[in-house]
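*Asks:* Fit chain B to the given chain A structure using the hints.
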Amino acid sequence: MPPFRFRLFAAILLAFTLVAASCGNDDDAGEPVGTQEPAPPPPTEAAPLPIETEPVRSQRIVSLSPMATEILFAIGAGEQVVAVDEFSYYPPEAPVTDLSGWDPNVEAVLSYEPDLVVIVNDANDLVAGLDAVGVPVTLSPAPAEFESGYASIIDLGIAVGRLDEALAVVEKLRAEIEAALADAPDVPLRVYHELDDQYYSVSSAGFIGAVYAAMGVVNIADEADPDGYGYPQLTEEYIVGADPELIVITDLMGYTAADVAARPGWGEVSAVRNGNIVMVDADPASRWGPRLPQFIAAVAEALQTVAESDS
Amino acid sequence: MADASLPATPVADDDVARRAVQRAYGVPVGAVLVGVALLAAVGLLSATSGAAGLPVGGVFAALFDWVPLLGAESSLSATQESILFEIRLPRLVLGMLVGGSLGMAGAAYQGVFRNPLADPYLLGVSAGAGFGAVLALGFGLDLGWGPFDTVPAAAFLGALVAVAASMAIARGGGTSPATLLLGGVAMAALFAAAQTYAIQQLDETRSREVLSWLFGQLNTSGWKQVWLLAPYTVVCGAALFVHRRHLDVLRVGDDEARSLGLDPARSRLLVIAAASLLTAAAVSVSGMIAFVGLVVPHIVRLLVSHSYRVIVPLSAVVGAAFLAFTDIGARTLLAPAELPVGVITAFVGAPFFALVLWRGRWSTA
Numbered sequence: 000m001p002p003f004r005f006r007l008f009a010a011i012l013l014a015f016t017l018v019a020a021s022c023g024n025d026d027d028a029g030e031p032v033g034t035q036e037p038a039p040p041p042p043t044e045a046a047p048l049p050i051e052t053e054p055v056r057s058q059r060i061v062s063l064s065p066m067a068t069e070i071l072f073a074i075g076a077g078e079q080v081v082a083v084d085e086f087s088y089y090p091p092e093a094p095v096t097d098l099s100g101w102d103p104n105v106e107a108v109l110s111y112e113p114d115l116v117v118i119v120n121d122a123n124d125l126v127a128g129l130d131a132v133g134v135p136v137t138l139s140p141a142p143a144e145f146e147s148g149y150a151s152i153i154d155l156g157i158a159v160g161r162l163d164e165a166l167a168v169v170e171k172l173r174a175e176i177e178a179a180l181a182d183a184p185d186v187p188l189r190v191y192h193e194l195d196d197q198y199y200s201v202s203s204a205g206f207i208g209a210v211y212a213a214m215g216v217v218n219i220a221d222e223a224d225p226d227g228y229g230y231p232q233l234t235e236e237y238i239v240g241a242d243p244e245l246i247v248i249t250d251l252m253g254y255t256a257a258d259v260a261a262r263p264g265w266g267e268v269s270a271v272r273n274g275n276i277v278m279v280d281a282d283p284a285s286r287w288g289p290r291l292p293q294f295i296a297a298v299a300e301a302l303q304t305v306a307e308s309d310s
Numbered sequence: 000m001a002d003a004s005l006p007a008t009p010v011a012d013d014d015v016a017r018r019a020v021q022r023a024y025g026v027p028v029g030a031v032l033v034g035v036a037l038l039a040a041v042g043l044l045s046a047t048s049g050a051a052g053l054p055v056g057g058v059f060a061a062l063f064d065w066v067p068l069l070g071a072e073s074s075l076s077a078t079q080e081s082i083l084f085e086i087r088l089p090r091l092v093l094g095m096l097v098g099g100s101l102g103m104a105g106a107a108y109q110g111v112f113r114n115p116l117a118d119p120y121l122l123g124v125s126a127g128a129g130f131g132a133v134l135a136l137g138f139g140l141d142l143g144w145g146p147f148d149t150v151p152a153a154a155f156l157g158a159l160v161a162v163a164a165s166m167a168i169a170r171g172g173g174t175s176p177a178t179l180l181l182g183g184v185a186m187a188a189l190f191a192a193a194q195t196y197a198i199q200q201l202d203e204t205r206s207r208e209v210l211s212w213l214f215g216q217l218n219t220s221g222w223k224q225v226w227l228l229a230p231y232t233v234v235c236g237a238a239l240f241v242h243r244r245h246l247d248v249l250r251v252g253d254d255e256a257r258s259l260g261l262d263p264a265r266s267r268l269l270v271i272a273a274a275s276l277l278t279a280a281a282v283s284v285s286g287m288i289a290f291v292g293l294v295v296p297h298i299v300r301l302l303v304s305h306s307y308r309v310i311v312p313l314s315a316v317v318g319a320a321f322l323a324f325t326d327i328g329a330r331t332l333l334a335p336a337e338l339p340v341g342v343i344t345a346f347v348g349a350p351f352f353a354l355v356l357w358r359g360r361w362s363t364a
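Protein sequence lines, in the order shown, are assigned to chains A and B. Once you know that position 184 of the first sequence is 183 in numbering that gives the first Met the number 0, the rest is easy, because the numbers rise by one and skip nothing. Once you know that position 323 of the second sequence is 322 in numbering that gives the first Met the number 0, the rest is easy, because the numbers rise by one and skip nothing.
The following block holds chain A by itself, in its conformation from the complex:
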């Protein structure tokens, strides 16, 4: 008998335990759902708030955009950057790695344990991959015109906790760009900006074309880009027929002004006849950032030469 009673007691006890446990489970599961929705942080914790004076800064930034790398170093966030992509070779102190911004690999990026990743476009579902492990991402695409370019610098400043520096850089950049633009002659010269020998060019829909638009010159690529894509490929006979007075090429393509002048059929083009083919540094002429004024100054100087030789 006693063993039987003991067993009954044990069974009842077990049953209670189970019920209690399951009740406890219910309570545990229910409570956070209820409290999560309003989610007010306890006021006592927010009260000291040192954040206003000393913003929380990302300490391990990975930049997969050469453009963003230049901006990050310009706004003084260089020491927060732990890794940059293979083409972020400016400024020289940038920690270049073999990471690719074109064909990024989420695991390779994560191996640098970033707390912020800056990218130029979302290739290979990188954003989804970084989201999955809770690493924030800032998308910093090439701007279409100056104002969105300034805004992107400020966005980067906010993202890395350097807003004041970003604002100062924007102010300085704006002044430099305006000064460089002012050096251009106010003459509607015909200009052809060549990206490569397949005759890709820039229309006013991109920020490089915006430089030409701001100088009041006639960009011959505009006619080829009615949809505002920004980088049309021109037909060779159109270029020659449009008779540009200035041809701008970049130094990364492996050919020189002499090679352009020697192209069959180009001999009668004004820019070729008058020797007005100018080669500019490729990087300031393709990356939005603090070095853009160098490109603008080079173009303004070339335009000045053309305008003087014309008059």
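Bear in mind the hints are in silico, worked out from the structure with no lab data behind them. Be aware that one or more of the hints could be misleading.
Derived, one-sided and incomplete: chain B residues facing chain A with beta-carbon distance under 7 angstroms [said to hold, decoys possible]:
| # | residue |
| --- | --- |
| 1 | G49 |
| 2 | A77 |
| 3 | E85 |
| 4 | R87 |
| 5 | Q199 |
| 6 | S220 |
| 7 | R330 |
Chain A regions said to be covered by chain B (calculated; three or more residues, Cβ under 8 angstroms) [to be verified]:
| # | stretch |
| --- | --- |
| 8 | 86 to 98 |
| 9 | 114 to 127 |
| 10 | 141 to 150 |
| 11 | 239 to 252 |
Quick reminder that beta carbons are idealized off the backbone N, C-alpha and C, glycines included.
*Replies:* What follows is chain B alone, placed relative to chain A:
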């Protein structure tokens, strides 16, 4: 005696048989004339259209002025003349050479492999050429020598290496077309992978340059590419023209060809070598222009004749006209912007080919 040994057949049947043989193996003069007239018409249309909008009358006058003994006075300005003679005409002629080369090479490949899906890129020519071009464009591998620019030279060498590797796998191509075909598939895959890997290592500007080369384009610098390609088109084209009857014999199978006095392995090797060299030269100046080499021989086969005696030369004429015609679209549809010609060849060619297939009776090589 020979006449007497022929079985006496009713006259009507004899006529039908002769006409059938003639239809299959005679040279259709009418079709050749139509083809040449088509080529000439496309040439004139192409010479008078373009983004620079040259006056049609002026173009004709300048062309007549160009031909000796026809004393017409050109009314074009110096710029317009240089556009016509240094940009538009070289591109037109290059398009015809490339189209003709690819059409002829495609016909030869389809004959050798007895396979309707064979095209000039079958043995890895395109992938090999692409890999070579990527190395030259992207990594500054300098293979330029004398009149040969780096990129065409590298593409040409890459193409030949890929074909040679395919043929080495099949031990000379004499064994069986199927082995060679599979060897080509393997080499094409290998070189395509190498090319993809190489492109991935490039920065944005250079990879875009490589990709626009791979799309296929007829941008020329004057007549240079024309002079580079023309010798191959003439020599290899002549070799294929001379051996076009062998393709008809190879169709019946190796044993039967041997009993007809043909060495099938030797013929196959010769035709493949000539067609591959021709394709490699075309690809090295124009990149990968798809569809022409596959479809033009089929169109000729379905519309004109099933004999390679006709298909080979007529594919050259039709291929030339087809590519020159589609390039008009590439130069003018989005003018003054450019459209890759490879896009238009498929866009125009595919529906036309579908129509021909639908109306005609299908027959494999």
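*Asks:* Compare the structure with each hint and give your call.
*Replies:* Hint by hint, here is what the structure shows:
1. For B:G49, the interface hint holds, since its Cβ comes within 7 angstroms of a Cβ in chain A; the closest pair sits about 5 angstroms apart.
2. For B:A77, the suggested interface contact is upheld, since its CB lies about 5 angstroms from the closest CB of chain A, less than 7 angstroms.
3. The interface hint given for B:E85 holds, since its Cβ lies 3 angstroms from the closest Cβ of chain A, which is under the 7 angstroms cut-off.
4. For B:R87, the shortest C-beta to C-beta distance to chain A is roughly 6 angstroms, which falls under 7 angstroms, so the interface hint holds.
5. About 5 angstroms separates the beta-carbon of B:Q199 from the nearest beta-carbon of chain A, less than 7 angstroms, and the hint is met.
6. Given the 7 angstroms rule on beta carbons, the hint for B:S220 holds: about 6 angstroms separates it from the nearest Cβ of chain A.
7. Interface hint status for B:R330: upheld, as the beta-carbon distance to the closest one in chain A is roughly 5 angstroms, under 7 angstroms.
8. Residues of the stretch 86 to 98 of chain A lying with their CB closer than 8 angstroms to a CB of chain B number 1, which falls below the three-residue condition for coverage.
9. Counting residues of the stretch 114 to 127 of chain A whose C-beta lies closer than 8 angstroms to any C-beta of chain B gives 0; at least three are required, and the coverage claim is violated.
10. With a cut-off of 8 angstroms between beta carbons, the stretch 141 to 150 of chain A has 0 residues touching chain B; three or more are needed, and the interface restraint is violated.
11. For the stretch 239 to 252 of chain A, the stated coverage by chain B holds: 6 residues have a C-beta nearer than 8 angstroms to a C-beta of that chain, and at least 3 were required.
In the structure shown, a violation is registered for the earlier hints numbered 8, 9, 10, in ascending order.
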